[in-house]
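Asker: This is what each chain is made of:
Number of protein chains: 2
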Amino acid sequence: MKIGLIGLGKMGQAIAYRLSKNNFEIIAFDPKVSQIDDVENISFESSLNDVTQKTNIIWVMVPAGDITDNVIKDLSKLLKPESIVIDGGNSNFENTKKRYSLLKEKNIHLLDCGTSGGIAGKINGYSLMIGGDKEIFENTKKIFKAIAAPNGFNYMGPSGAGHYVKMIHNGIEYSLLQSYAEGFDLLKNNSNYENLDLEKISDTWLHGSVIRSWILELCKSVFNQDQELKSISGSIGENQTGRWTLKEAEKENISMKLLKEALNIRTESRQTGGNFGTKVVAMLRNKFGGHEVKKLIKN
Amino acid sequence: MKIGLIGLGKMGQAIAYRLSKNNFEIIAFDPKVSQIDDVENISFESSLNDVTQKTNIIWVMVPAGDITDNVIKDLSKLLKPESIVIDGGNSNFENTKKRYSLLKEKNIHLLDCGTSGGIAGKINGYSLMIGGDKEIFENTKKIFKAIAAPNGFNYMGPSGAGHYVKMIHNGIEYSLLQSYAEGFDLLKNNSNYENLDLEKISDTWLHGSVIRSWILELCKSVFNQDQELKSISGSIGENQTGRWTLKEAEKENISMKLLKEALNIRTESRQTGGNFGTKVVAMLRNKFGGHEVKKLIKN
Chain A
880 MKIGLIGLGK
890 MGQAIAYRLS
900 KNNFEIIAFD
910 PKVSQIDDVE
920 NISFESSLND
930 VTQKTNIIWV
940 MVPAGDITDN
950 VIKDLSKLLK
960 PESIVIDGGN
970 SNFENTKKRY
980 SLLKEKNIHL
990 LDCGTSGGIA
1000 GKINGYSLMI
1010 GGDKEIFENT
1020 KKIFKAIAAP
1030 NGFNYMGPSG
1040 AGHYVKMIHN
1050 GIEYSLLQSY
1060 AEGFDLLKNN
1070 SNYENLDLEK
1080 ISDTWLHGSV
1090 IRSWILELCK
1100 SVFNQDQELK
1110 SISGSIGENQ
1120 TGRWTLKEAE
1130 KENISMKLLK
1140 EALNIRTESR
1150 QTGGNFGTKV
1160 VAMLRNKFGG
1170 HEVKKLIKN
Chain B
880 MKIGLIGLGK
890 MGQAIAYRLS
900 KNNFEIIAFD
910 PKVSQIDDVE
920 NISFESSLND
930 VTQKTNIIWV
940 MVPAGDITDN
950 VIKDLSKLLK
960 PESIVIDGGN
970 SNFENTKKRY
980 SLLKEKNIHL
990 LDCGTSGGIA
1000 GKINGYSLMI
1010 GGDKEIFENT
1020 KKIFKAIAAP
1030 NGFNYMGPSG
1040 AGHYVKMIHN
1050 GIEYSLLQSY
1060 AEGFDLLKNN
1070 SNYENLDLEK
1080 ISDTWLHGSV
1090 IRSWILELCK
1100 SVFNQDQELK
1110 SISGSIGENQ
1120 TGRWTLKEAE
1130 KENISMKLLK
1140 EALNIRTESR
1150 QTGGNFGTKV
1160 VAMLRNKFGG
1170 HEVKKLIKN
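Protein chains in written order, with the working numbering: chain A, 880 to 1178; chain B, 880 to 1178.
It should be emphasised that the hints constitute simulated quantities derived from the structure, not laboratory data. Hints should not be assumed to be uniformly reliable.
Said to hold, decoys possible - Covered, in the sense of this in silico footprint (three residues per stretch, anywhere, with C-beta under 8 angstroms from a C-beta of chain B), are these stretches of chain A:
{"#": "1", "region": "983 to 997"}
{"#": "2", "region": "1006 to 1018"}
{"#": "3", "region": "1033 to 1047"}
{"#": "4", "region": "1061 to 1071"}
{"#": "5", "region": "1078 to 1091"}
{"#": "6", "region": "1125 to 1134"}
Stated by the list, open to error - Distance condition first, Cα-Cα at most 20 angstroms in a straight line; then the derived EDC-like pairs of lysine to aspartate or glutamate:
{"#": "7", "chain 1": "B", "residue 1": "K1067", "chain 2": "A", "residue 2": "E1129"}
{"#": "8", "chain 1": "B", "residue 1": "K1024", "chain 2": "A", "residue 2": "D1082"}
{"#": "9", "chain 1": "B", "residue 1": "K959", "chain 2": "B", "residue 2": "D1012"}
{"#": "10", "chain 1": "B", "residue 1": "K1021", "chain 2": "B", "residue 2": "E904"}
{"#": "11", "chain 1": "B", "residue 1": "K1139", "chain 2": "A", "residue 2": "D953"}
{"#": "12", "chain 1": "B", "residue 1": "K1020", "chain 2": "A", "residue 2": "D1082"}
{"#": "13", "chain 1": "A", "residue 1": "K1130", "chain 2": "A", "residue 2": "D953"}
{"#": "14", "chain 1": "A", "residue 1": "K889", "chain 2": "A", "residue 2": "E973"}
{"#": "15", "chain 1": "A", "residue 1": "K1139", "chain 2": "A", "residue 2": "E1129"}
{"#": "16", "chain 1": "B", "residue 1": "K1166", "chain 2": "B", "residue 2": "E1073"}
{"#": "17", "chain 1": "B", "residue 1": "K1001", "chain 2": "B", "residue 2": "D909"}
{"#": "18", "chain 1": "A", "residue 1": "K1139", "chain 2": "B", "residue 2": "E1147"}
{"#": "19", "chain 1": "B", "residue 1": "K977", "chain 2": "A", "residue 2": "D948"}
{"#": "20", "chain 1": "A", "residue 1": "K1020", "chain 2": "B", "residue 2": "E1073"}
{"#": "21", "chain 1": "A", "residue 1": "K1013", "chain 2": "B", "residue 2": "D1082"}
{"#": "22", "chain 1": "A", "residue 1": "K1020", "chain 2": "B", "residue 2": "D1076"}
{"#": "23", "chain 1": "A", "residue 1": "K1013", "chain 2": "B", "residue 2": "E1014"}
{"#": "24", "chain 1": "B", "residue 1": "K1130", "chain 2": "A", "residue 2": "E1073"}
{"#": "25", "chain 1": "A", "residue 1": "K959", "chain 2": "A", "residue 2": "E973"}
{"#": "26", "chain 1": "A", "residue 1": "K1079", "chain 2": "B", "residue 2": "E1017"}
{"#": "27", "chain 1": "A", "residue 1": "K911", "chain 2": "A", "residue 2": "E973"}
{"#": "28", "chain 1": "A", "residue 1": "K1136", "chain 2": "B", "residue 2": "D1076"}
{"#": "29", "chain 1": "A", "residue 1": "K952", "chain 2": "A", "residue 2": "D909"}
{"#": "30", "chain 1": "B", "residue 1": "K1126", "chain 2": "A", "residue 2": "E1073"}
{"#": "31", "chain 1": "B", "residue 1": "K1067", "chain 2": "A", "residue 2": "D948"}
{"#": "32", "chain 1": "B", "residue 1": "K889", "chain 2": "B", "residue 2": "E1171"}
{"#": "33", "chain 1": "A", "residue 1": "K1013", "chain 2": "B", "residue 2": "E1096"}
{"#": "34", "chain 1": "A", "residue 1": "K1067", "chain 2": "B", "residue 2": "E1096"}
{"#": "35", "chain 1": "A", "residue 1": "K1067", "chain 2": "A", "residue 2": "E1107"}
{"#": "36", "chain 1": "A", "residue 1": "K1079", "chain 2": "B", "residue 2": "E1014"}
{"#": "37", "chain 1": "B", "residue 1": "K952", "chain 2": "B", "residue 2": "E973"}
{"#": "38", "chain 1": "B", "residue 1": "K1126", "chain 2": "B", "residue 2": "E1147"}
{"#": "39", "chain 1": "A", "residue 1": "K977", "chain 2": "B", "residue 2": "E1073"}
{"#": "40", "chain 1": "B", "residue 1": "K1013", "chain 2": "A", "residue 2": "D945"}
Predicted, not measured: the structure shown is a model, and the values here were computed from it. Think of the CB as a built atom: it goes at the ideal place given N, C-alpha and C, for glycine as much as any other residue.
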């Protein structure tokens, strides 16, 4: 089965890898990428137009916002009726609904797919939250199955529901990261027990404790490399999904106090360079998403 | 090998079960319990004195505070030198240090053991964080191995370190529970997508997402039974460990803003009956710890 893939960044390449391992033929386009070492059965096209000449099912994996907008608009002009576009990025659900309507005018179908799992998902498979027309989802299950972890994909609801659920997933993620970070900050900097071994503690908690999780596995991996984190900044970056979640919660009169604090802490961390806890968050974001960690340059 | 076990509540019975499965002979005392159906190789004694006549290694699994204090004081009078007492409860680490010194005067050894895993630990095994004299820990590893999940026990440091690490574990747990609860509250009560399936969402997230965890498994189990939670109160109980953690953080000048919010939300929930999110937390506490959930009585 042929599938178009627009965007070959970190996540796009991981998607290509999983599709290729599951015997899809990939028709790819990214103006900056014309080779991926570990993906077979892929052709690199030089334009969107070239992709749409060869397949009418297109996975879009580009940054949220204007770039996604432009790709969707171009596809609306290039694709034939009954084509299917899947937006696997972190688009705002309101934008997704607009794009769904735009494509619907041309009788082109848009599915939205929230994609969680970070760079490790390349091997483990992803958790996929899908929105759009149920019938179109049913007809494209094979694609999601290839990309997802075993049992890791489900239909969430009408257009935008996939991105909506992913947005809230990310909101929860912000608070979870900060929750662990606060605890490790106290463990590291308490005056009662010096030199508590944060790797050993993470490892102990991973086996049988109430707070075991994949994020805790990443904590262990961070502390395995470095428990001091002296050479990095505690400045934490972010994409927009956390703020969107909080804004949506405020609109709906739902209290998300932990998320609000977690976002404030990130803002502060970028102004002050943060503390040991925010360094842990920065390292965790690097571990799961490959997000940059700023190095401190010592005089 | 014979081991004394003082306290046969939910957690004490689970410890007895694991010891029994691992071929320990249990000399038990709890004034309220004289039978446990699924534990073999156990004798029920009628006093602490009877227990100390039969073994000089005693696991104490009673509520933190005065009860633990009384048991330790009594044991200090009854046990011979070189006996070993293990406090597996949620004692405050400062009290543990005092009890350690008290017993040390009689040349009796106290290990503190933070025990995480809730009622599910009976089958899965526990995560054990152990403090005290390293040599005594080394000599009693067999006991911890029997109770722990595979690879789920480690030495943390001198007396109180086990309870200290467990206290902070609980502080993290408070924030993690509230993090998920906020997200599910918005998913449940948003006006964009009605009737999002919280069980299906939990299940999708469990397979490959960044936020997969054991607590999320419990969320799925809660929503499998009931996604409305109309018949229960959102009042969340607590033990003291969360407050201890926050107090300790403030003493050490470490910011734990998420924990502070999570604790405030619990206090408010007991005054107001809470919201959907706090109902989720109450149900999660019931799932992992067997803690009571208040039923609402409708007119």
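Asker: Tell me the hint numbers this structure goes against, listed in increasing order.
Answerer: Going through the list in order, the structure violates hints 11, 13, 14, 16, 19, 20, 23, 25, 27, 28, 31, 33, 34, 40 and respects the others.
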